[in-house]
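Novice: Sequence:
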Amino acid sequence: YEPPMLLNLLKNEKVTFSHCVPTILHMLLSSPAIKEVDLNGWKVIIGGSLLPKALCKAAMGLGIDIFAGYGMSETCPILTLAQLGPEMTGLGIDEEVAIRCKTGKPIPLVDLRIVDPEMRDTDSDAGATGEIVVRAPWLTQGYLKDPEGSKQLWAGGYLHTSDVASRDEKGYVQISDRIKDVIKTGGEWVSSLALEDIIAQHPSVGETAVIGRPDDKWGERPMALIVAKPGATVSEEEIRAHVKDYASRGVISKFGVPEKILFVTAIEKTSVGKLDKKLLRQKYAQ
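Residue numbers (this note's numbering): 1 to 286.
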């Protein structure tokens, strides 16, 4: 992707609505060419991975109407949107960002449940977690030449997403992690997405990915990969202190403070711009 070219297209073609992954938006906002383009009023749905609060706030500062959406290839693709209701027009900036970065509310015709392994609803109490399972008229019915995978996908009559989530008192869903990406450490489950969001709010951090590394004592320990913003300097101690501050306030478990922090020039991604957690786990397993 070439940010100057994309920004030029947005300007010349008078684009008003787009969808992209956070990585692409981050590249656009970090490009020097952003100063030459007025993005006020541009509406953008962010999907593919968590919308970091810092990125959302930066986009809103440029007048971009940004909010998260959620879906997957098997759901063709959208299930939820994190749009603000009309009663939320008076929210402060931080409250508004928090809503816009949620996974969102199910769109019409989507039957979305949050369940335990026995398919029992877990979200009768706000904040309880479970797996997102869904039904809608447009979902895939299975995988080509994979009857066992198709059977598992639709176990219990709902499509299983493998995403762990909760639902708040206003009905907004919030994904905490992929089942395979949750870090199991010290007898607790730590969300890699929550850790990434916290680390990304440090003013010197441009991009981050968190994975679990095998540990003989704790089972797994969090490892953070960080790309610093251009011209910025930041140390491991600063990042740990930043995360510990959130842990002291109960935002995340104390076991979520990264055991290892590695500063890199780039973080591996998939062909569609998502963090390649599978490759990162393989690369940094030792």
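Keep in mind the hints are simulated off the structure, nothing from the lab.
Where hints are given, some of them may not hold.
[Said to hold, decoys possible] Simulated DEER-style distance windows between Cβ atoms: (1) Gln-141 - Lys-254: 43 to 53 Å; (2) Ala-266 - Lys-145: 34 to 44 Å; (3) Lys-145 - Arg-249: 47 to 57 Å; (4) Leu-9 - Leu-84: 35 to 45 Å; (5) Val-15 - Glu-148: 38 to 48 Å; (6) Ala-33 - Pro-214: 24 to 34 Å.
[To be verified] Below, in silico cross-link-like pairs of lysine-lysine (BS3-like), each with a Cα-Cα straight-line distance of 30 Å or less: (7) Lys-53 - Lys-11; (8) Lys-180 - Lys-170; (9) Lys-53 - Lys-278; (10) Lys-229 - Lys-244; (11) Lys-180 - Lys-278; (12) Lys-105 - Lys-145; (13) Lys-274 - Lys-170; (14) Lys-254 - Lys-151; (15) Lys-35 - Lys-269; (16) Lys-105 - Lys-274; (17) Lys-14 - Lys-57; (18) Lys-283 - Lys-260.
Source: prediction; values computed, not measured.
Ideal Cβ positions, reconstructed from N, Cα and C, are used throughout, including at glycine.
Novice: Taking the beta carbons of Ala-266 and Lys-145, is their distance inside 34 to 44 Å?
Specialist: Holds: the Cβ-Cβ distance is about 36 Å, inside 34 to 44 Å.
Novice: Check the hint pairing Lys-283 with Lys-260 against an upper bound of 30 Å on the C-alpha distance.
Specialist: Between Lys-283 and Lys-260 the Cα gap is close to 14 Å, so the pair holds against 30 Å.
Novice: Starting from Lys-274, check that the Cα of Lys-170 is at most 30 Å away, please.
Specialist: Holds - the C-alpha atoms of Lys-170 and Lys-274 are around 29 Å apart, at most 30 Å.
Novice: If you draw a straight line from the CA of Lys-105 to the CA of Lys-145, is it 30 Å or shorter?
Specialist: violated, 33 Å
Novice: Mind checking the alpha carbons of Lys-180 and Lys-278 for me, to see if they're no more than 30 Å apart?
Specialist: holds, 9 Å
Novice: Holds or violated: Lys-105 and Lys-274, Cα atoms, limit 30 Å.
Specialist: Judged against 30 Å, a Cα distance of about 22 Å means the pair holds.
Novice: If you draw a straight line from the CA of Lys-229 to the CA of Lys-244, is it 30 Å or shorter?
Specialist: holds, 21 Å
Novice: Could you tell me whether the CB distance from Ala-33 to Pro-214 stays inside 24 to 34 Å?
Specialist: violated, 43 Å
Novice: Quick check: does the Cβ-Cβ distance between Val-15 and Glu-148 fall within 38 to 48 Å?
Specialist: With a Cβ separation near 43 Å, Val-15 and Glu-148 satisfy 38 to 48 Å, so the hint holds.
Novice: Straight-line Cα separation of Lys-53 and Lys-278 no greater than 30 Å?
Specialist: holds, 24 Å
Novice: Taking 30 Å as the top limit, are the C-alpha atoms of Lys-53 and Lys-11 close enough?
Specialist: Within the cut-off at roughly 25 Å; holds.
Novice: Sort out whether Lys-170 lies within 30 Å of Lys-180, counting only the CA atoms.
Specialist: Answer holds: Lys-180 to Lys-170 is near 28 Å, not above 30 Å.
Going down the numbered hints, you'll see the structure goes against 4, 6, 12 and 14, while the others check out.
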